[in-house]
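Engineer: Those protein sequences? They're chains G and Y, same order as listed. If you use our numbering, the first sequence corresponds to residues 18 to 521, in order. If you use our numbering, the second sequence corresponds to residues 18 to 521, in order.
For the record, the hints were derived by calculation from the structure and aren't laboratory data. There could be a bad hint or two in this list.
One copy or two, it doesn't matter: identical chains are merged, so the pair holds either way.
Stated by the list, open to error - Simulated crosslink set (SDA-like; lysine to any residue; CA at most 25 Å straight-line):
no.: 1; residue 1: LYS290; residue 2: PRO111
no.: 2; residue 1: LYS452; residue 2: HIS297
no.: 3; residue 1: LYS452; residue 2: VAL493
no.: 4; residue 1: LYS452; residue 2: THR347
no.: 5; residue 1: LYS290; residue 2: ASP110
no.: 6; residue 1: LYS452; residue 2: SER167
no.: 7; residue 1: LYS290; residue 2: LEU197
no.: 8; residue 1: LYS452; residue 2: ARG436
no.: 9; residue 1: LYS452; residue 2: GLY343
no.: 10; residue 1: LYS290; residue 2: TRP105
no.: 11; residue 1: LYS452; residue 2: LEU261
no.: 12; residue 1: LYS290; residue 2: GLY165
no.: 13; residue 1: LYS290; residue 2: ALA459
no.: 14; residue 1: LYS452; residue 2: GLU496
no.: 15; residue 1: LYS452; residue 2: GLU34
no.: 16; residue 1: LYS290; residue 2: ILE456
no.: 17; residue 1: LYS452; residue 2: TYR255
no.: 18; residue 1: LYS452; residue 2: MET42
no.: 19; residue 1: LYS452; residue 2: LEU374
Treat the numbers as computed from the prediction; the structure is a model and nothing was measured.
Residues per chain, in single letters:
2 protein chains.
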Amino acid sequence: MHICFANPGTTELPLVEALDAVPGMRAVLCLFEGVCSAAADGYARMSGEPAMTLLHLGPGFANAIANFHNARRARSPVFNVIGDHARWHRASDPPLAADIPSLAAPVSGWLREATDSTRLADDAAEAIRAARMGQVATLIAPHDVQLGASGAIGEPIGPSKSAWSAPLPDPGNVAEAVGLLRGGGNCALFLGGTGLSARGLIAAERISNATGCRIVCDTFPARLERGTGLPRVERLPYFPEQALQCLAGLRAVIFAGTVPPVSFFGYPGVPSKLTDPLSHSIRLADPAADACVALEDLAEAIGAGDSSGGFGGRSTRGSPPLRTSGNQLTPESVAAVIASLQPEDAIVMDEGLTAGLPYFEASQSARPHTYLALTGGAIGQGLPCATGAALACPQRPVIALQADGSGLYTLQSLWTQAREDLNVTNVILANGGYKILDIEIARTGAIPGPQAAALTAFDPVPNWAKLAQGFGVPGVRVEDVEGLAREFARAIDEPGPHLIEVMI
Amino acid sequence: MHICFANPGTTELPLVEALDAVPGMRAVLCLFEGVCSAAADGYARMSGEPAMTLLHLGPGFANAIANFHNARRARSPVFNVIGDHARWHRASDPPLAADIPSLAAPVSGWLREATDSTRLADDAAEAIRAARMGQVATLIAPHDVQLGASGAIGEPIGPSKSAWSAPLPDPGNVAEAVGLLRGGGNCALFLGGTGLSARGLIAAERISNATGCRIVCDTFPARLERGTGLPRVERLPYFPEQALQCLAGLRAVIFAGTVPPVSFFGYPGVPSKLTDPLSHSIRLADPAADACVALEDLAEAIGAGDSSGGFGGRSTRGSPPLRTSGNQLTPESVAAVIASLQPEDAIVMDEGLTAGLPYFEASQSARPHTYLALTGGAIGQGLPCATGAALACPQRPVIALQADGSGLYTLQSLWTQAREDLNVTNVILANGGYKILDIEIARTGAIPGPQAAALTAFDPVPNWAKLAQGFGVPGVRVEDVEGLAREFARAIDEPGPHLIEVMI
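Put together the whole structure using the sequences plus the hints.
Structural biologist: This is the structure we're talking about:
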């Protein structure tokens, strides 16, 4: 445990003091708790280790819930500590008192209230171990329990051996998958978790080469390695009609590191479950298991050869040429510019939503990069998750592809990027409204009246360049492809955070 | 029900459509749900009627919890509607699914999930009636239930007779209070709720004139009428040591519209309950009862005369002269400028925290105004609550006295002020950190190490003028008293929102 994303208050002061007592702990202030939770998520996705979050009572924690929801869906390990009132004081119902367990339970895979000062360090150790299973572990620490434990320091907990202490895959599942794949025909590997690591993908490609199966991944993967030199993965489309079509007619689907996909929203007449009901589905590796190892076991069991062309055949690390028709900013031209110019080993946090859609396809042949998605649909994750990723990987450039409406949820992230001097290039895809909602309204066949229309369009249009400057991040607005290419290249070249507002 | 503060998504679309089907409904978009909940609170405090909030699933609602917490502590009526997934879809655990009742229960005095489309309008009517009791009433509406009810419109619900449908006070309580007050000696009326309305305060003053009792109010009243021409009220100090001293030695405390005060935080060796244990405490009117009527009954029962000097004697509506020593911006000089220049009938939302402390005293003789405080301690209420107050009272100027750190929690409020062209003057008290936390650390006797120090100071210092401009609100930074006086006068004169960043 090396980092703590915090916005503490009076009831956390003994823990704040403790942050200075433990060498190697870094406290990172976030100006809103929703930044803390997403930053911890981003840190965990890139380091494989939990970050700590330190939050103030029920209301402070409540501000972090939406992004803990995303962390939960990403299966990110987070050690979350909430200070509470001293128990003798809580009984009097002071103004800030709230039912913290009721608020915390929906996002916490592990939840405990500390009741014994002499066991507080053990509680924390147990929470960290629980977090490493791939969940948010929440420890509620009443002020009196913290005070009683002051000065006591627990045993240090070493790094976990594998990223998330994942259990080994079941050999029976491997044998079943071999049988299905040997049966021939139209099969797919459906990957998530460590199945989308470079090693997992290479194993999947070997299986695909040996059997002809497809390789598909979740619409919103927590982390995916991709670009030149890495096997390609089909991403399941967002809208259920297209997703159903993508998976239709498969004889078998083998899940590794994820669960069968479900439609993002329920639409009357469209099934929730996106897998073809006639397909044979098996779980090679549960989300909690190590999908990478399971895929390697499967590749061996099936007698697959080396990966196609060998890694050497994919080692071209040049950039794809920049091809845009004209100088106009569109989701397509923006995607082409970013994909063409993004540097090697970039981390790309994609909360581009509708305006970001073309990027995934455009960046298939971009320089090798790590791709992070909005896992739980709670908007406002992108900027803070990129912030946490940058803290986990200070040597790697981070690019946040951010839809404007969602980005406004947690724009305070920019301040933490400025304070910590993080190498993040924030690309705001500014289309001036909640376009996804316009699309959803159109799907219902309704014609929005004036009240409905007021709820999807931004008028006045926020000026992100000024918002960035207000938080100490150099911000520019660009109006054409040339401007974007110039400013993006500059932002990548210069150290520290930058923001480019792209007027689509 | 005339207004709906909303940030809806796909699962609320039938309700969004309904907003256009009901004449007289106004949909107000907020760019973050924490703005919705505080705006509804501010609207309710100023209109006495509930506003509606319309929020998207568990994560969207979660973003609103902190300010619902404040609304709950203010006993503000709010009709809160959360769309949920269709129930047939929820069973498949789609990405945005969460345990909404567990999240909603801690802030909702009334909570129901609609299960029958034909009863949805009745559920809503019941929720509105429940809200009028002075609470957040949450109705969870699954998408399938909304769809089934499309086209059906419920019976309109008329305005409630008294502001919050408050029950009448118990005559036995009045008789007991008469006995205590006639016993002579050191007594106090301790007021909240409608006890702090102009009528309630005038009744309290009559009682005070007849019996010599003091008039005290909560540290953070939801709404208080004050200034020239209105009776003065002692505000209970924030820190418990001073609050205990304020209430020490009282023979009796008569509570009307509020409950006995509790220390904001628990400090070892300091009691939670701030009333002198030797005092006789009685509840003249519970928070749910109409304290104003109870005070008038008590004034009659005690045979109190007219209010001192009559209303005429307090009708001087001139401004207090501006007296500041020098041109330097300090909490004191800022308070003096605002108190001197604030126009008649202003609504002042005070989330000034440490930098705002001198304002309450300085404005005792300001032109008559309504004072709103941060009731539940969940920071980030000021700017959006001022926004809602401005929508409730379009003819009255609104002043938001806002601490910088707290204001950054919900700065998206500025955009709604710009879009709705609201007459709000936002005064940001910029001292560049969480100063209250520095004070609390000093109280513990600890000397903050570098990690602790990093958690209270803002470096870089945000530029609020630019942040305001980014949201379409004219923003300026002032560095001296003259600049503040000039810009404040200009902001009050000009229509629409303004922001003044006061560098203390």
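Engineer: Confirm or reject each hint.
Structural biologist: Results of checking the hints against the structure:
In this homomeric assembly, LYS290 and PRO111 come within 25 Å of each other (Cα to Cα) only across copies, at 9 Å, whereas the closest approach inside a single copy is 46 Å. Taking identical chains as interchangeable, the C-alpha atoms of LYS452 and HIS297 are never at most 25 Å apart, the minima being 37 Å within one chain and 61 Å between chains. In this assembly of identical chains, LYS452 and VAL493 lie within 25 Å of each other by CA distance solely inside one copy; the values are 23 Å within and 32 Å between copies. Proximity of LYS452 to THR347 under the C-alpha cut-off of 25 Å is restricted to the intra-copy arrangement: shortest distance 14 Å within a copy versus 45 Å between copies.
For a Cα distance limit of 25 Å, the shortest separation of LYS290 from ASP110 across copies, 10 Å, qualifies, whereas the shortest one inside one copy, 45 Å, does not. In the homo-oligomer, the alpha carbons of LYS452 and SER167 lie at most 25 Å apart only across protomers (24 Å), although the nearest pairing inside one protomer, at 51 Å, exceeds that limit. Proximity of LYS290 and LEU197 under a CA criterion of 25 Å is satisfied intra-copy only: 21 Å inside one chain copy versus 69 Å between copies. For a Cα distance limit of 25 Å, the shortest separation of LYS452 from ARG436 across copies, 18 Å, qualifies, whereas the shortest one inside one copy, 32 Å, does not.
When the C-alpha separation of LYS452 and GLY343 is checked against a cutoff of 25 Å, the pair qualifies only within one copy, where the shortest distance is 24 Å, while the shortest distance between copies is 52 Å. In this assembly of identical chains, the alpha carbons of LYS290 and TRP105 lie at most 25 Å apart only when taken from different copies (11 Å versus 49 Å within one copy). In this assembly of identical chains, LYS452 and LEU261 lie within 25 Å of each other by CA distance solely inside one copy; the values are 23 Å within and 55 Å between copies. In this assembly of identical chains, the alpha carbons of LYS290 and GLY165 lie at most 25 Å apart only when taken from different copies (22 Å versus 51 Å within one copy).
Proximity of LYS290 and ALA459 under a CA criterion of 25 Å is satisfied intra-copy only: 23 Å inside one chain copy versus 57 Å between copies. With identical chains, the CA atoms of LYS452 and GLU496 are at most 25 Å apart within one copy only, with a shortest distance of 19 Å there and 41 Å across copies. Proximity of LYS452 and GLU34 under a CA criterion of 25 Å is satisfied inter-copy only: 17 Å between copies versus 45 Å inside one chain copy. For the identical chains of this complex, LYS290 and ILE456 are intra-copy neighbours only, at 22 Å inside a copy versus 55 Å across copies, given an alpha-carbon limit of 25 Å.
In this assembly of identical chains, the alpha carbons of LYS452 and TYR255 lie at most 25 Å apart only when taken from the same copy (15 Å versus 46 Å across copies). Taking the closest pair of Cα atoms, LYS452 and MET42 come within 25 Å of each other only across two copies (23 Å); inside a single copy the shortest separation is 42 Å, beyond that limit. Within a single copy, LYS452 and LEU374 get their C-alpha atoms as close as 12 Å, which meets the 25 Å cut-off; across copies the closest is 44 Å, which misses it.
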